[in-house]
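Trainee: Using the sequences and the accompanying hints, generate a full structural model.
Sequences listed follow chains A and B, in order. The first sequence begins at -18 in this note's numbering and counts up one residue at a time. The second sequence begins at -18 in this note's numbering and counts up one residue at a time.
The hints are simulated quantities; they were obtained by calculation from the structure and are not laboratory data. Here a beta-carbon is modelled for each residue, glycine too, at the ideal position from N, C-alpha and C. It is possible that some hints are incorrect.
[Claimed, not checked] Stretch-level coverage of chain A by chain B, calculated; a stretch enters the list once three of its residues show a Cβ under 8 Å from a Cβ in chain B:
1. 0 to 14
2. 34 to 45
3. 108 to 120
4. 125 to 134
2 protein chains.
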Amino acid sequence: MIFHDDTIAAVITPPGEGGVAIVRVSGTKALPIADRLFRCAGTSPSQRGPGTFVYGKVFDPVDEIDEALLLIWRAPRSYTCEDVVEFQCHGGPLPASRILRACLSEGARPADPGEFTRRAFLNGRIDLVQAEAVMDLVRSHSDRARAAALQQLEGGLSKIFDTVYDELMLVAAQVEATLDFPEDELPASVPQKIISEIDRIQTRVNELLRTWNEGHLLRDGALVVISGKPNAGKSTLLNALLGHDRAIVSNIPGTTRDSIEAEFLLEGIPLRLVDTAGLRDSEDFVEKEGILRARKYIERADIHIHMVDMSQLADEESLKAIDALDPAKSVLICNKMDLPVLFHVEQWPNVRRVQTALEKIQGINEVKESLKSILSGSVDLSARPHVVISERHRQALLDVSRELKQLETLFAEDCGDEALVLSVPMLREALIRLGEVTGREYHEDLLDQVFSSFCIGK
Amino acid sequence: MIFHDDTIAAVITPPGEGGVAIVRVSGTKALPIADRLFRCAGTSPSQRGPGTFVYGKVFDPVDEIDEALLLIWRAPRSYTCEDVVEFQCHGGPLPASRILRACLSEGARPADPGEFTRRAFLNGRIDLVQAEAVMDLVRSHSDRARAAALQQLEGGLSKIFDTVYDELMLVAAQVEATLDFPEDELPASVPQKIISEIDRIQTRVNELLRTWNEGHLLRDGALVVISGKPNAGKSTLLNALLGHDRAIVSNIPGTTRDSIEAEFLLEGIPLRLVDTAGLRDSEDFVEKEGILRARKYIERADIHIHMVDMSQLADEESLKAIDALDPAKSVLICNKMDLPVLFHVEQWPNVRRVQTALEKIQGINEVKESLKSILSGSVDLSARPHVVISERHRQALLDVSRELKQLETLFAEDCGDEALVLSVPMLREALIRLGEVTGREYHEDLLDQVFSSFCIGK
Chain A
-18 MIFHDDTIAA
-8 VITPPGEGGV
2 AIVRVSGTKA
12 LPIADRLFRC
22 AGTSPSQRGP
32 GTFVYGKVFD
42 PVDEIDEALL
52 LIWRAPRSYT
62 CEDVVEFQCH
72 GGPLPASRIL
82 RACLSEGARP
92 ADPGEFTRRA
102 FLNGRIDLVQ
112 AEAVMDLVRS
122 HSDRARAAAL
132 QQLEGGLSKI
142 FDTVYDELML
152 VAAQVEATLD
162 FPEDELPASV
172 PQKIISEIDR
182 IQTRVNELLR
192 TWNEGHLLRD
202 GALVVISGKP
212 NAGKSTLLNA
222 LLGHDRAIVS
232 NIPGTTRDSI
242 EAEFLLEGIP
252 LRLVDTAGLR
262 DSEDFVEKEG
272 ILRARKYIER
282 ADIHIHMVDM
292 SQLADEESLK
302 AIDALDPAKS
312 VLICNKMDLP
322 VLFHVEQWPN
332 VRRVQTALEK
342 IQGINEVKES
352 LKSILSGSVD
362 LSARPHVVIS
372 ERHRQALLDV
382 SRELKQLETL
392 FAEDCGDEAL
402 VLSVPMLREA
412 LIRLGEVTGR
422 EYHEDLLDQV
432 FSSFCIGK
Chain B
-18 MIFHDDTIAA
-8 VITPPGEGGV
2 AIVRVSGTKA
12 LPIADRLFRC
22 AGTSPSQRGP
32 GTFVYGKVFD
42 PVDEIDEALL
52 LIWRAPRSYT
62 CEDVVEFQCH
72 GGPLPASRIL
82 RACLSEGARP
92 ADPGEFTRRA
102 FLNGRIDLVQ
112 AEAVMDLVRS
122 HSDRARAAAL
132 QQLEGGLSKI
142 FDTVYDELML
152 VAAQVEATLD
162 FPEDELPASV
172 PQKIISEIDR
182 IQTRVNELLR
192 TWNEGHLLRD
202 GALVVISGKP
212 NAGKSTLLNA
222 LLGHDRAIVS
232 NIPGTTRDSI
242 EAEFLLEGIP
252 LRLVDTAGLR
262 DSEDFVEKEG
272 ILRARKYIER
282 ADIHIHMVDM
292 SQLADEESLK
302 AIDALDPAKS
312 VLICNKMDLP
322 VLFHVEQWPN
332 VRRVQTALEK
342 IQGINEVKES
352 LKSILSGSVD
362 LSARPHVVIS
372 ERHRQALLDV
382 SRELKQLETL
392 FAEDCGDEAL
402 VLSVPMLREA
412 LIRLGEVTGR
422 EYHEDLLDQV
432 FSSFCIGK
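Mentor: Laid out in structure tokens, this is it:
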């Protein structure tokens, strides 16, 4: 247990109008601060049992700030494993900010983003993967994402990483043990066992790496870029999709939102729609720049929807646009099929094609099915939510995988003492990178990286 | 105590990203719902003592939704005077909305705006004036407003209204008693006493009415309209004012915000700045319409700032604008005094005048002093925060005042039996209107009116 000398405080509810706001204080001064600021009937806060709350008034310490509930936890049975108090006061900006200010003037300091959770990690209550799950849960935009984050929070993913770590550690131990044998006494089966173990671990690591796509889509959403001429029916499509599936529309952190036109959920995956026409129109209209930006968006897109008005004759620009579609991620929507068809698309057999008459609400389900079929390349939509890795985990696992591959190459050529000696630093490097995932191995930079994306108050 | 058969539930923290969200459930089913959805070590929620909280997991009821704290209150010692539980779960939109949904499927219904506080009122824990203070506190934009709302919440204003009510009730009782006397036996002093009592109450009512201006400014902010030619220095003024005094900028409910350019606090009073140029520029530029809108804003303004560039020669338009200033609420800012002065303003001795060189940061304090001097017509800025009435209270008090005036007129002409008989319905009307303020007298329409402006979850 690491006891921090300083006591930290923050408003832990979102800003804005609401019934209730909460100020959390954690550290050795939490109870003395509560004693000084909070007045209630009966015994003072520090004399009260943990797991209790009491109604009273908060003073600064002379003027009354607000009426509030005080919740009391005692180390180590709290979120941070330190003494913790929470003032639950009236919502709105003033009461909570005044209470926070009073706590600061009584000796607390403002908590950094994620610092409560950082302390929970430093004090050994959770590992880094669980800590990351806290913000994944807060930022989840779909029930599928929430369920995956919760499993991660409760140790589902940690257990998998720990198992891989333990297995790799066993390999390293075997290598060390083998090195202690005189070479000629070495049982032939041992290097073979090491090789097959490494192979098994590599398979596990690759399985984990494959969950990244799903994790990425759950956390960041799938980028859906819509292109097509004006009047092809893009806004009708947007409205039809939103009308059925609008769920939660709010910021997805860490992504630029300038051009996002709409967000909706499809099978628990948040989709973020960008209209390339919008890209062209924004800013001081520079057509060339707009086309360049549109092209970049299309390259980054998880799904590219191209819309064609089938009642119009094909022109060269449209034909070129369809030619350029990437079949793996594109849907060609042939709209206005209820009108006499003048545009013919038979020449692109590889591109997913959906015929619609959106004005008559025909074809929407088919559009959704085609989007799902693209998503199913990354996510098993029929499976129950399960733990998935994040970009940070992926980077570490890629390093681990690289080391494992080197080990395999090494042992494929030579199973002798020399190979065993050479394998030691590779195994160590792989263990370090694996250890960094759950935080068995950590350094300040790593923690700063993990917690910098947290919100204040978590 | 009114026990409601139905149990209500709502998310009581603001939407958005934060560490913690809370779902509150109030009513007879609150504890059974907690038993069904919440699993924790040890005894089940309904077996636990009030004033305790416990850590556990929330299920829906099959799938786990989130880890959460459960807080337990028992009737009548709770916010609503009913059984109450609160689930304190992870922040963000998903966990709380899923828990709410689970509560609803277990028999709760969504709480209406203000319904928790409405139950606190119906169950006699607070009166209507205190109930209103809850939202005043949540919506307070300055410490002065917060302090005033807190005093109101704790009964400061209620006590004043109750005193006036009791005094008026005493008058009514005296009138009734006097009516029982045979007319010739009536002690001459009694009607006299009634008249002086009514006079005293009228004085009190007028005192209360005078606090409305301050209440209005604290709650809605002072509307400050800036006019003046382009390049007179309006944005420089805005930046200078904001640079010093920017405090809390957020929505003030119930006011149109389309044209608000900036908000800042001056001595605890929120000022909302509107630039008349902005009024003219917005929408499809229709100059006549713009001028009309600007004029309407200037009429409604609490403060009107007109800016003149002193380095430019006066033109007719400028002279007309200054002529039209209302001395009671206008400040004429003579800017660019550091340049050779070509514009002369001596002909308007009645208008508050401030000379500035804003580019050189000269005169800002003088501008603020002049704004304060206008505000001090409505608010005693040197006084400590005190309770102030709202628009609803004002309407009731105006009715009371009107009845009292009629009573005074009546008794001035005739102190006999007939006048006493005529006074009875007037007194009754005044008592009803006074009673409606604190809610001694209430009907559904009145409650709907009071609580409709509340947020969900309060």
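Trainee: Each hint needs a verdict: does it hold in this structure or not?
Mentor: Verification of the hints:
1. 0 to 14: That given contact holds, which follows from 5 residues of the stretch 0 to 14 of chain A lying within Cβ reach (below 8 Å) of chain B.
2. 34 to 45: Since three or more residues must qualify, the claim that chain B covers the stretch 34 to 45 of chain A holds, with 4 doing so at under 8 Å.
3. 108 to 120: holds (count 4)
4. 125 to 134: holds (count 5)
When each numbered hint is compared with the structure, no violation occurs for any of them.
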